[in-house]
Amino acid sequence: MSDELFQAMAQSIIDGDPDVAADLARKAVEAGIDPLEAINKGFVPGVDYVGEQYSKGEMFLPDLVLAGEAMKAAIAVLEPEIARKGGQRQTLGTVVIGTVEGDIHDIGKTLVATMLSVGGFRVYDLGVDVPVPTFVEKAREVNADIVGMSALLTTTMVRQRDVIEALEDAGLRSRVKVMVGGAPVTRSWAQEIGADGYSEDAIGAVAVARQLLGK
Amino acid sequence: MPRPIKSISDPRLKLEILSPEDVRRIHQATLEVIETVGVRFPSPKALDVWEAHGAQVDRNTMIVRAPGHLIEDALKKAPPVYTLAARDPAQDLPLDGNHVYVGTDGCGVQIIDLYTGERRRSTLRDVAEIVRVADYLEEVAFIWVPVSAQDRPPETRGLYELKAAWENTTKHVQTESIYSEREARASVEMAALIAGGREELRRRPVLSYALCTAPPLGQDPGTLEAALVAAEAGIPVGFMTMTSCGSTAPATLAGNLVVGNAEVISALAMIQLACPGAPVFYAAAQTAMDLRTGGYTGGGPEDFLFGAASNVLADFYNVPLSMGSFATGAKEPNWQAGIENSLSTFMACVVMSDMLLGVGLLHGSRIWSYEQMLMDCEIFDIVYHMMKGIVVDDETLALDVIRAVGPGGNFLAQKHTRKHMRELWVPKFMDRRPYEEWEAKRDDARDWARAMARQILETHQPEPLDPQLSAELECIIEKA
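Order-wise, the sequence lines are chains A and B.
Residue numbers for the first sequence follow the working numbering, beginning at 1 and rising by one.
Residue numbers for the second sequence follow the working numbering, beginning at 1 and rising by one.
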């Protein structure tokens, strides 16, 4: 019974169907299946398969994003169950991410957030036009391992430096890694402002995040 | 003496990319989107304009839903024809539907140094030097601020870029780097100084604005407020959509056109509601995302189709178009750059897009290359020649000459040949030398383009801006 259910779970991720994934998660809860096992034996193999197909060039970014949406839906059902049993879902780390103040560009940042979350991170997405103190406060509140910042304009890119300085002033800098990205952002800019990580795209960002945390 | 400007006119090639029925359906779908889904205008001033004209405005989400007739009536007030004025009137550009003009691309953040070959962050000096080279090139009809002056403070960067442009060219200047009402006011003052007063600026706008929408279905707050200031002063304002299939627009090309069209025409309508009769233009650089990274591709068959389709839409609304062509996704001036920039430019030209953007940038408009700039000019020159088509008349049928030469023989010694040979295209950067000559030197288009760019930069002196005017521009910037 659970083997079949696990297979269906994996398939719901591969199909990128959040409704089916959530239904299957609820079925698992009703059947008394351990929610951690449902994630690890049911849904995660689906994510792994999509990831493999993507590396082979057989699947594309929309497949990954839809798999991510399905995974989120399943976890939203299962996480409260895990907590109720006194457990905790293992993640690779906690990321606070947002687009800097004065900049309303959303899509690249959201894509990075989705990919990090599919990749096993706990992600707090602060949205766009995020003031400097908000990054710092949220990082403190959730005990973030990584703060990620996006900017699409050369005029707003400078705010990335402000956030790094504010993290220093708040005494948090030694505890968090900083990642930056966005069309005008380059590796040399990242180095200049003292960021720890930089990636040109969302897939690369996951690899950088893992590397920064030694995972 | 101002340099001559090469523009395409009286085209002899034609392409029907969308039928009238296709255009009608795209237009109807666009109006339905604006009326039922809405477009986000995140500026209280823009929302006031919409509300005053009876659109449905949600102050929390800042989404505007406007009925089709409001959009259509507003767009009818836009002038179909006007002129982009140059510092030297001999270089004025009438946007009359019978000209295709090329600008420099913008706004890059890095540059391949012309002397060291090193890739580095762009500065104000780069803006000045690129504009000086562009002033020389006859294929470049107007200046788009080509790279970002990142050694100037963000608050006044866009203004320093304008000053550097006017100091190095007599051609029309268009900016896409004004993001706030404060900068807009200063830029109007600067433009009025160049034009010789506010009224003269309205008559002869030496500056125009290209402003980006925020797809899908949104606008940028600072941009909207800057546009309102510019439009009030008579500065032509265009809104550019860069919708990308699969990420900021549907994966299907028609769906992409609808989303981008809704962004552009809602913004143009808002300007007409605020300032009836203000000169505006449609601007577009749609693409398809890269399926692996989600990134902006800057080339590919979808882009080329959009390049031709957008002008059909702009014509339907009876406003000029500024079309993103060139702007290859390639990292270097190479095979990919040649293909992408040729096809995109051909497709945008064959439908007579009024303005093309633009020459010189690599990696999706991020890295400036003088080599690419000059090779892009050659691409335009090829298309320019193709657009003349094939003239068929007694002189060109050349029966007398054919009779004179007869079977065998050759046409080299014919006066008819000498009379018409200069109509044949002569390349600057194509290698037509004997094989052994190439083998001995192993140089190519990039080397020749680099050498020519250096020569222009070292020798060309544009008509200088009165130092008094320069000083006054500086004062305006310092007070901004």
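Hints are computed from structural coordinates only; laboratory data are not their basis.
Keep in mind that a hint or two might mislead.
[Claimed, not checked] Below, a sample of chain B positions facing chain A; criterion: calculated Cβ distance under 10 angstroms:
#1 117
#2 120
#3 244
For each residue, glycine too, the CB sits at the ideal point set by N, CA and C.
Hints and how they fare:
1. 117: Violated. Min distance 16 angstroms.
2. 120: holds (8 angstroms)
3. 244: Given a least distance of 9 angstroms, the restraint on residue 244 of chain B holds.
Comparing the model with each numbered hint stated earlier shows that hint 1 is the single one that does not hold.
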